[in-house]
Amino acid sequence: ILNVEQSPQSLHVQEGDSTNFTCSFPSSNFYALHWYRWETAKSPEALFVMTLNGDEKKKGRISATLNTKEGYSYLYIKGSQPEDSATYLCALGGGATNKLIFGTGTLLAVQP
Amino acid sequence: KAGVTQTPRYLIKTRGQQVTLSCSPISGHRSVSWYQQTPGQGLQFLFEYFSETQRNKGNFPGRFSGRQFSNSRSEMNVSTLELGDSALYLCASSTEGRVQIETQYFGPGTRLLVL
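Taken in sequence, the protein lines are chains D and Y. Residue numbers for the first sequence follow the numbering used here, so the first one is 1 and each next one is one higher. Residue numbers for the second sequence follow the numbering used here, so the first one is 1 and each next one is one higher.
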C-alpha cells in the first residue's frame, strides 16, 4: 500500500515569514507528485505537477522541489501573506493504478 | 470555461437511506475521479471513470457505486447510509484520463451529513 506523509500537520507563521513543508512518498513506481492548495470553503486548486527527479517549479512566491530517488518534495512559500492561509496537499501518482494518493495535508495559518 | 460543478452542495440524510451525488466536469474533460474526505483523513480515492467506464475503485464497500454518462457527467450513489458516511465528497476532472500525471480540477464538493 502506497503511503504519502506530510509534515508538519499545521504551521502558524507571521506575515512576511518564509516557510516550507515536506511531502514524503515511496520512491518506487513513481509517476508524478502533485501539490494542491485548498482554501476554506473553496475547491482544491492545483499548484504544481512534477515528474522528473530534480524538478523545481515556481509560481509567484511559491516554489517546489522534487527528489524521486529519496522520495520527498518540499514546498516553499517566500514572504507568507494572510491570503496564503490554506491547507496544502501533496498527492502521489504512482503504482499500477490510475489514481492519486493524497497526504493528509499541512494547514498553514499566516497571522497579519 | 466553467469549472467543475457538484450538486447538491449540502445534504442531510438518515441512516439506511440512499443518496446520489452529481458531478459535471469541465467541458472536454473525459476523466472523473471521486474522493471522500472525513475529519483527520486525507482525500480517500473512491473511483475513477473515463469514457463511461470505471477504471479504478478504491477500498470502499459495495454500497458505494458510480457511473458516468456519455457527456462525461458522473454520479455516485451510496446505499444504506451509515453514520460514518458523513463526509465531504469531492470530484475532480482531467482531460486525457492519465490521472497520475495530469492536473486534476476539483469541484466544490458535496457535504453529506447522515443522522
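Check before you lean on any hint, since a few could be wrong.
What the hints assert, rightly or not - Derived DEER-like restraints, expressed as beta-carbon distance ranges:
no., chain 1, residue 1, chain 2, residue 2, range
1, Y, Gly3, D, Ser7, 24 to 34 Å
2, D, Lys78, Y, Leu83, 25 to 35 Å
3, D, Thr40, Y, Arg98, 23 to 33 Å
In short, the hints are calculated from the structure, not lab data. None of these values were measured; they are calculated from a predicted model. Note that the Cβ used here is the ideal one computed from N, Cα and C, for glycine as well.
Status of the hints after comparison with the structure:
no.	hint	in the structure
1	Y:Gly3 x D:Ser7: 24 to 34 Å	holds (31 Å)
2	D:Lys78 x Y:Leu83: 25 to 35 Å	violated (44 Å)
3	D:Thr40 x Y:Arg98: 23 to 33 Å	holds (30 Å)
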